[in-house]
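Student: Chains as they are written, first to last, in our numbering: chain A, 1 to 306; chain B, 1 to 268; chain C, 1 to 271.
If you're looking for bench data, these hints aren't it; they were derived computationally from the structure.
Watch out, some of these pointers could steer you wrong.
To be verified - DEER-style ranges, computed between Cβ atoms:
(1) Lys270(C) to Asp199(B): 35 to 41 Å
(2) Gly139(B) to Leu6(C): 42 to 48 Å
(3) Glu225(B) to Glu175(C): 38 to 44 Å
(4) Gly139(B) to Ala242(A): 55 to 61 Å
Here the structure is a predicted model, which is why all the values come from computation and not from measurement.
Just so it is clear, CB atoms sit at the ideal spot from N, CA and C, and this is done for glycine as well.
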Amino acid sequence: MKNKFAPAVILVSILLASCAPSQSISPAPQAGRPRVLASTSFLADIAQNVAGNRFVVEPLLPLGVDPHAYQPKPADAARVAASTVLILNGADYEQFIQPLLENVGGDRLVVEASAGLTPRLSSADDEHTAGDPHFWLDPSLVITYVENIRNGFIAADPEGAEIYTANADAYIMQLQELDTWIQSQVDTLTPEKRTLVTNHEALGYFADRYGFTIIGTVIPSLSSESSPSAQEMAALVDQIRASNAMVIFLDATDNPSLANQIAKEAKVKVITDLHLESLTSPDGSAPTYIEMMKHNTGLIVKGCKG
Amino acid sequence: MTHTPHRLEVIDISIGYGDKIVLRDVSFQIPHGARVAVVGPNGAGKSTLFKALVGLLPLKSGRILIHGLDLGIHQDCVAYVPQREEVDWKFPVTVTDVVMMGRYGKLGWLKRPSRADQAIVRESLTQLGIADLEKISIGDLSGGQQQRVFLARAIAQEPHILLMDEPFTGVDITTQEATLNLLDTLRDRSVTAIISTHDLNLAANRFDYILLLNKRVIAFGPPKEVMQQENLAGAFGNSLLVMENGAMLVDECCPPDEDHPHEEVQHD
Amino acid sequence: MIDWLLEPLTYGFMQRGLAASVMVGILCAVMGTYVVLRGMAFLGDAMAHAILPGIAIAYILDGSLLVGAIAAAVAVAVGIGFISRGGNLKEDTAIGILFAAALSLGVALISTMQTYAVDLSHILFGNVLGVSVSDLWLTAILGAGILLTVGLLYKQFLVISFDPVLAATLRLPAELLRYVMLLLLALTVVVSLQTVGVGLSSAMLVTPAATAYLLTRRLWPMMLASAVIGALSSVIGLYLSFYLNIVSGAAIVLTATTFFLVAFIWKRMKS
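Build out the structure end to end from the sequences listed, making use of the hints.
Tutor: Next up, the structure:
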């Protein structure tokens, strides 16, 4: 696994080395420390665990926003411009980032957290040509995220190499514990109860890892940004009726009206407060990535139990 | 016998749009059932005066009295026949629809037209000779027919004062005669008619009074008094040519230039 | 054949979707008659976006989003009336100005909000397949109210639309009536937005009425034809969505547009 992102790191290092010395970015707060921006809140949290005390990783998107639907503001361009390291999920997740990067200019290290991971194929054929980007909902894959981020930090700030490595190792252990914990929770469900119906195809990797079957999604897409036809809605109702599914799981940012109608028809419940694409505020139920996954797992297991 | 107030009294009014005054210090009185022609060059303020008489344009100063009472108090006293360009001929209404609108003032807010109203509408159409066009859309009418529809509407309104904005412009002789016949009928009913026109011949021969305007009242009175060289020069300025034999020619082409006030033509 | 017609109706969401889109289709078609005749064709789209600040404010104040939407729509309607009064500026100019202003205000308000519990862009606009029973009641009651008002004020609206000068001579309160009409339009837009979403509502406001305009030369039949076309487009569109797997909103709009094209060509061939 480690070999796969070596080329990425080398490429990035070359880019960095070829930077023109005169740049118009303002100096970092502490000499030599990078200014790090992550696209989403969960990425920022993961990266912060690697960065430790050396600097703060800021998220670009506000909390509670659906990244699939996000429209960047001029202030975002300014923040990207001022950053020296930008952490993205990759795999075409940040649809809005390309025009921002082109307009912003300057040089920064762009870390693609999912670099090296093989995307799963989805039944939905749409503009996410790079496949399903929702890797982070499988903690075992987030280990790769951590490694990519660690390597990026080391490249940007070689002085902190030891610290980043130590932090990464510690966090990877937490992720492994999380993975084990989730499996243990899921194991309390009998196999035929491990079914999922969600808003859009976000839980693909989660399903693969922990043995769930995806019955269907309200929006037949990897993104929340489209609408089903009447035929697709009817088909989903039929599929749900034919299966053991008892719940439709929605993210807190999703519009529940379609799901409500399907649920009424198929006589299942709707659970609306998963947090799949964003953290919550510190006093909410998902202030960090790990707690986010625990929260989601709890809801899923409880919902499937019936 | 108590003194009957003149049907229409205009006292020292000034009217305009925004900050611009188009007509100033206008005063005249029109008795019951009189037929008045309003003449003057383009831009003299004829349409503006009509808009004020209808209540569409607020007065900047002065008063308008009908039957001795302020204009604002009267409901549905004044009927207005618009210039043909002002109408949206593509609007999906029939002849009957348009004429029936004249009755709306009498109907009030919530009532539907009654049989009596329908009879009045039909009669108005017959008077104008267009009863057979009842169900035709107004867009399908000829120029003269369109004119008569609006005349019919004005009659259906049963007004005391009728205003007509250039009804003789661009219509055939038949329609012109029909209009004049109608005005005769209205006079018998003591309806006051105030008509703007460019046809000075018609104004001089078929009307009781002439109101000659050019941003103010140049003259008002019976045609013989008004149609004098001095008055016409005052109104038409250099568009007026006096020939050696005393004949006067008027060219109506252009609105008077504001920056060059018209000059008096010299008497010989 | 009957099975083919009945099968979609076995799904509750289809029944409600049909009912909602037919109601909204009729409502929009009748109001759309005025929109088309008065040259306010992009009012629907403009208002749909202009209600954004109302929703943002309602959200910040933790109030009902629907009330916020209605308040904003009313404010925009009054603003349009005010800016275009006296005929100095035409209504479509006023619409353009207010649309841009309101949209910018909405965007500015939303961008100052650092966190959301729900993403407003998803809550904002409905979907014809996501209509609940309470949505249906709301649509029915508001829609009936709007149509009743139009029926009562039919004569008055006719006069102010066709001949404002006559309105003056008849001593009609023309300005007040204009505001009332704009208000009814605003409510129509909000009702249809909540039920069928943004792309659909602005199309339903214009296309069926424009089609009816081609077919008839009288106002009352134009409204009737417009309503029938609006309702038919909804029904056919939803069936197409069901059998041909097309997104429902798009299917309805395309059906309405097809009706328009047919009428257009028929008219051309006649003359």
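Student: Does each hint hold? Answer for all of them.
Tutor: Here is how each hint holds up against the structure:
1. Lys270(C) to Asp199(B): 35 to 41 Å: holds, 40 Å
2. Gly139(B) to Leu6(C): 42 to 48 Å: Since the Cβ atoms of Gly139(B) and Leu6(C) sit about 45 Å apart, the hinted range of 42 to 48 Å holds.
3. Glu225(B) to Glu175(C): 38 to 44 Å: Given range 38 to 44 Å: holds, Cβ gap about 42 Å.
4. Gly139(B) to Ala242(A): 55 to 61 Å: holds, 60 Å
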